[in-house]
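So the sequence shown is residues 1 to 339, counted in our numbering.
Just so you know, not all the hints are guaranteed correct.
Stated by the list, open to error - Ranges between beta-carbon positions, derived for each pair:
#, residue 1, residue 2, range
1, Ala207, Ala319, 20 to 26 Å
2, Asp223, Asp269, 26 to 32 Å
3, Leu281, Arg203, 26 to 32 Å
4, Leu122, Pro317, 54 to 60 Å
5, Pro288, Arg141, 29 to 35 Å
6, Asp269, Ile110, 44 to 50 Å
7, Glu315, Arg141, 20 to 26 Å
8, Ala319, Ser48, 29 to 35 Å
9, Asp37, Ser211, 30 to 36 Å
10, Asp223, Asp117, 37 to 43 Å
11, Ser48, Ala138, 43 to 49 Å
12, Glu109, Glu297, 30 to 36 Å
Source of the hints: derived by calculation from the structure; they are not laboratory data. Only a predicted model underlies this, so the values are computations on that prediction, with no experimental measurement involved. We put the CB at the ideal spot given by N, CA and C, even for glycine.
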Amino acid sequence: MASPGADKPNIRQVAQLAGVSHMTVSRVLNDHPNIRDTTRRRVQEAISELGYRPSMTARALATQRSRRIGVLVESAVTYGPTSTLYAVESAARASGYEVSSILLRAGEEITPQEAVDHLLALGIDALCVVAPRSSSIAALRRIAVGVPVLVVKPEKDPTFLTVTVDQQAGTALAVDHLVSLGHRDILHLAGPLDWLDARTRERAFHARAKSWGIRERPIVVGDWTADFAYDFARGIRELPAYTAVFVANDDMAIGLVHGLHERGFSVPDDLSVVGFDDIPLARHVIPPLTTVRQNFEALGVSVVDVLRAAIEDREIPAATRIPAEIVARASSAPPRKVD
Numbered sequence: 001m002a003s004p005g006a007d008k009p010n011i012r013q014v015a016q017l018a019g020v021s022h023m024t025v026s027r028v029l030n031d032h033p034n035i036r037d038t039t040r041r042r043v044q045e046a047i048s049e050l051g052y053r054p055s056m057t058a059r060a061l062a063t064q065r066s067r068r069i070g071v072l073v074e075s076a077v078t079y080g081p082t083s084t085l086y087a088v089e090s091a092a093r094a095s096g097y098e099v100s101s102i103l104l105r106a107g108e109e110i111t112p113q114e115a116v117d118h119l120l121a122l123g124i125d126a127l128c129v130v131a132p133r134s135s136s137i138a139a140l141r142r143i144a145v146g147v148p149v150l151v152v153k154p155e156k157d158p159t160f161l162t163v164t165v166d167q168q169a170g171t172a173l174a175v176d177h178l179v180s181l182g183h184r185d186i187l188h189l190a191g192p193l194d195w196l197d198a199r200t201r202e203r204a205f206h207a208r209a210k211s212w213g214i215r216e217r218p219i220v221v222g223d224w225t226a227d228f229a230y231d232f233a234r235g236i237r238e239l240p241a242y243t244a245v246f247v248a249n250d251d252m253a254i255g256l257v258h259g260l261h262e263r264g265f266s267v268p269d270d271l272s273v274v275g276f277d278d279i280p281l282a283r284h285v286i287p288p289l290t291t292v293r294q295n296f297e298a299l300g301v302s303v304v305d306v307l308r309a310a311i312e313d314r315e316i317p318a319a320t321r322i323p324a325e326i327v328a329r330a331s332s333a334p335p336r337k338v339d
């Protein structure tokens, strides 16, 4: 390892230590496929021993690529988009890519076009869009981007690459869990239906409920916030006929449990509650929340894998739908007896 005061090691020193040409070192750094595994290991060991850090500017000049991914995130104050951004940043760093991100917040004047122009001016090789609303996707279609574009959304798209956590399967897991406990009358507290994930979960809920012969009830449309669900629960005057609630995210599920408690109803004795996301707080509320876990780490890895394949003109990976997982905790139980 080079001492802090020494000159920075260069590519020719790496080549000399590894016993290869500097062009071979360059190919290893740029993930060239036609390199023997033994040669690749020697170069990587020399890089580690010398503490060599390649120049991103030099690499960009050599490959015509900046190794930079742009990420445009809308509604980054909510758990899903924020977690997706962090996961993409982590996976990109592990793959030798940098990330430049820009956030679109409600009430700000910056337009999607201006946000994309800003990222393109940084020389990005590809663009990842975490824009959960259908109106945002429509705006994106009108923009000439000029680099590969991936949108994190639940359905395939004819225009963009897509990666998603499997929202339909995750919803089915929630419904199946409640049915396995004996529930046959379930309310769905949905997210705002202009959000793609909320709409997909709502449709998947109705489809799965219908397949089980569960009573069809009008959904309640929320706004993702715990306050909305808390106020909804506080408005319940007597124990409802339904015995369980599938809630479209954990924040609303936690607010619902709080409001039900203040109305004198017990979770899960009177009503079972199942959320979606598995936020860190979900395991610590009383009662700990049964929920659907989204694997954001795997999502970030898949996003970067797909974009790298597109950047490097390789075959796009087929597995772009990340499995979800039901996490059963104390907020769900067999239903109470209904007269």
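Each hint, compared with the structure:
About 23 Å separates the C-beta atoms of Ala207 and Ala319, a value consistent with the hinted range of 20 to 26 Å. Between Asp223 and Asp269 the Cβ separation comes to about 28 Å, which falls inside the hinted range of 26 to 32 Å. The supplied range of 26 to 32 Å is met by Leu281 and Arg203, whose beta-carbon atoms lie about 27 Å from each other. The hint said 54 to 60 Å for the Cβ distance between Leu122 and Pro317, and at roughly 26 Å that hint is violated.
For Pro288 paired with Arg141, a C-beta distance near 42 Å fails the hint of 29 to 35 Å. Checking the proposed 44 to 50 Å range against Asp269 and Ile110 shows it holds: the Cβ atoms sit about 49 Å from each other. Separation of Glu315 from Arg141 is about 25 Å and conforms to the stated range, judged on CB atoms against 20 to 26 Å. In this structure the supplied range 29 to 35 Å holds for Ala319 paired with Ser48, their Cβ-Cβ distance being about 31 Å.
At about 49 Å, the beta-carbon gap between Asp37 and Ser211 misses the expected band of 30 to 36 Å. Checked against the hint of 37 to 43 Å, the pair Asp223 and Asp117 fails, with Cβ atoms roughly 31 Å apart. Checked against the hint of 43 to 49 Å, the pair Ser48 and Ala138 passes, with Cβ atoms roughly 48 Å apart. A hinted range of 30 to 36 Å for the beta carbons of Glu109 and Glu297 is consistent with their spacing of about 34 Å.
Violation of the numbered hints given earlier is confined to hints 4, 5, 9, 10; the remaining hints are satisfied by the structure.
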